[in-house]
Amino acid sequence: MTIVYAKRLRGWRFILFNVVLSLGHMAVLFNVGAYIALLPHVAGDLGGVFISFGTWGQTYFIIALALAFPIARWLSGRFGDYRLFIAAFVVYAFASYLCAISQSLWLFIPGRILLGFSGGITLYIGQSLMLKEYPDQLKMLGLGIWGLVTLMPFTISFPIGGLIADEFGWRCLFYLNVPLGLAIAGITGSLLAGRGFERSYIRFDGIGFVLLSLILGGIQTILNLGNDFDWLDSPFLRIMLIILIIALPCFIIWEFGERHPAFNVRLFADRNFSIGVLCLVFGFLSIQGLLSVLIVQLQVLLGYSSFLAGMAYMPMILLAVPVTLVMHVLPKSVDARLLACLNLLGFSFVFYWLGLFDDPGSFDQIFWPMLFLGFFLGSFFMPLTRLTLHGLSGNQQMRAAEESGLLRVVAGAVGITLQGVVLFRRAPFHQLHLADHFGGRQFASIDVLQGFSSRLAASGLDSGMIKLKLLAVIKQHATILALNDAFLLASYLFLGLAGLVWLAYPTHLPLHPTVVKELGDIRAEEIMEEP
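Residue 531 is where the sequence shown ends in my numbering, and the numbering goes up by one at each step.
Think of the hints as simulated: they come from the structure by calculation, not from any bench. These numbers come from a predicted model, not from an experiment. Just so you know, not all the hints are guaranteed correct.
[Stated by the list, open to error] Listed next, with one range per pair, are the computed distances between beta-carbon atoms:
1) His433 with Phe229: 34 to 40 Å
2) Ile51 with Pro110: 17 to 23 Å
3) Trp502 with Asn395: 27 to 33 Å
4) Ile239 with Gly464: 41 to 47 Å
5) Ile245 with Arg425: 21 to 27 Å
6) Phe79 with Pro110: 20 to 26 Å
7) Ile51 with Ile252: 32 to 38 Å
[What the hints assert, rightly or not] Straight-line C-alpha distance at most 25 Å; calculated SDA-like pairs for lysine to any residue:
8) Lys475 with Gln396
9) Lys467 with His430
10) Lys469 with Ile480
11) Lys132 with Leu330
12) Lys469 with Gly48
13) Lys132 with Val20
14) Lys469 with Leu495
15) Lys469 with Ile51
16) Lys132 with Arg83
17) Lys475 with Ala183
18) Lys469 with Ala435
19) Lys475 with Asn227
20) Lys475 with Tyr505
21) Lys132 with Ile15
22) Lys132 with Leu23
23) Lys132 with Gln396
24) Lys469 with Ala458
25) Lys132 with His328
26) Lys475 with Ala435
27) Lys132 with Phe17
28) Lys132 with Glu402
29) Lys475 with Leu489
30) Lys469 with Arg425
31) Lys475 with Ile366
32) Lys469 with Leu301
33) Lys469 with Leu423
34) Lys132 with Leu75
35) Lys475 with Phe429
36) Lys475 with Leu488
37) Lys467 with His328
38) Lys132 with Ala183
39) Lys132 with Ser200
40) Lys132 with Gly194
Glycine included, C-beta positions come from ideal geometry on N, C-alpha and C.
Working from the sequences, and respecting the hints, build out all of it.
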């Protein structure tokens, strides 16, 4: 007979358990942010591949992390939360070792995928374990701590990861994960040994999960390879697109008819869920993508070290931490639409501000934009999560939280690639425009390049060196302008999202009876399909 998980840890065991759980959460999320900071090192060491190839290790890692959520729910019901948590960290340590010893992308990418999948399981299970151990009166405190740790990929992981890469080599990041993962697994196992669990015998939606994996992996593959393999001129990418066109409707039809779907598409019938998810997805897509592209370009374009590029993000933590704590205790009487709207407008303002930097020397003045960006990052998740889950209850709310989290994580991977596409497309445009404008081809009276060339020639440089120098200067400024375009585009997007949230139902008032009936009908269908 199964023993029910009931007894809570007390005293020093409770403190140790929380420290270990937080370390595990931090270790996984640290790999999300730190890898971006050391991406140029990884690309150069794994055969000298393009930066875009090195990005695959991040995007596939994030996709695998998201896909771990639905399967973690089923595995925890079969084998128990803490057993699955321990096993996942053992696999996490093994995958880290594979990444550390990799000499090419052919081993590194599978290692990162395995690392992301095992890490995603620990993230999903870790919060459940934490809530079971916290008393009811302290659950909000636990969620607040969890929220603070969630900020790591956007704040301290950048400079710490950069410092490790600069001083010890990027492989040390993965070597450190091996003893850390095994220690977390061992301590957790010793603290929770003998705990029982309520076994669930719900059948896993294997076909739905495979179709979901195929769709997310296919979309990410097309985006990853598009710039380097000329999009649909590549036979492989054309085949991948055909597979996606077939798989997507099959997935939707299958999930509608499945009793226990891997992804509950019926939730999109709820207005607040749909609007909240759209804002979370497109908002996080822009945030993750822009921050990732900027830190790489600070190194590649302006010659920053990985540590200095990461330090540019440190001002964010000054306001992100206190704002996150406040958002977890903010009175529920405040309409989440108002909070979300103000937050999205704030992001629009800050991204527009960052989009005006057009001088290589001005990037040392981004302290204030980054400080305000931290404020709005700390207040981004909570209002939109409240908006997304409003009106849902019980199993619906749990599934909605899981699926919105999955889509948000996937959006982070897509955003990294999409912002790279914007940079790839806009940089040549600006490069041609700058060459025409300053080379006298647009206005005959303006030929700055000729005067600059004459001065360089007078200093003793030959014509070949002069052309290379001029090309480097134009390319640098063109890429900065392309980066500005990406920030400005995100600014306009957030402006639209700020208006979209007002189409949702208010969260500080009771739902209209018609809406309650619609939600009840959705729940009734789910109950009828349960065995």
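Here is what the structure says about each hint:
no. : hint                           : in the structure
1   : His433 with Phe229: 34 to 40 Å : 27 Å, violated
2   : Ile51 with Pro110: 17 to 23 Å  : 20 Å, holds
3   : Trp502 with Asn395: 27 to 33 Å : 29 Å, holds
4   : Ile239 with Gly464: 41 to 47 Å : 44 Å, holds
5   : Ile245 with Arg425: 21 to 27 Å : 24 Å, holds
6   : Phe79 with Pro110: 20 to 26 Å  : 24 Å, holds
7   : Ile51 with Ile252: 32 to 38 Å  : 36 Å, holds
8   : Lys475 with Gln396             : 51 Å, violated
9   : Lys467 with His430             : 18 Å, holds
10  : Lys469 with Ile480             : 17 Å, holds
11  : Lys132 with Leu330             : 23 Å, holds
12  : Lys469 with Gly48              : 23 Å, holds
13  : Lys132 with Val20              : 15 Å, holds
14  : Lys469 with Leu495             : 40 Å, violated
15  : Lys469 with Ile51              : 22 Å, holds
16  : Lys132 with Arg83              : 15 Å, holds
17  : Lys475 with Ala183             : 48 Å, violated
18  : Lys469 with Ala435             : 13 Å, holds
19  : Lys475 with Asn227             : 18 Å, holds
20  : Lys475 with Tyr505             : 48 Å, violated
21  : Lys132 with Ile15              : 14 Å, holds
22  : Lys132 with Leu23              : 18 Å, holds
23  : Lys132 with Gln396             : 20 Å, holds
24  : Lys469 with Ala458             : 15 Å, holds
25  : Lys132 with His328             : 19 Å, holds
26  : Lys475 with Ala435             : 10 Å, holds
27  : Lys132 with Phe17              : 12 Å, holds
28  : Lys132 with Glu402             : 17 Å, holds
29  : Lys475 with Leu489             : 21 Å, holds
30  : Lys469 with Arg425             : 23 Å, holds
31  : Lys475 with Ile366             : 22 Å, holds
32  : Lys469 with Leu301             : 14 Å, holds
33  : Lys469 with Leu423             : 22 Å, holds
34  : Lys132 with Leu75              : 18 Å, holds
35  : Lys475 with Phe429             : 11 Å, holds
36  : Lys475 with Leu488             : 20 Å, holds
37  : Lys467 with His328             : 57 Å, violated
38  : Lys132 with Ala183             : 22 Å, holds
39  : Lys132 with Ser200             : 17 Å, holds
40  : Lys132 with Gly194             : 16 Å, holds
In this structure, the hints that do not hold are numbers 1, 8, 14, 17, 20, 37, in rising order.
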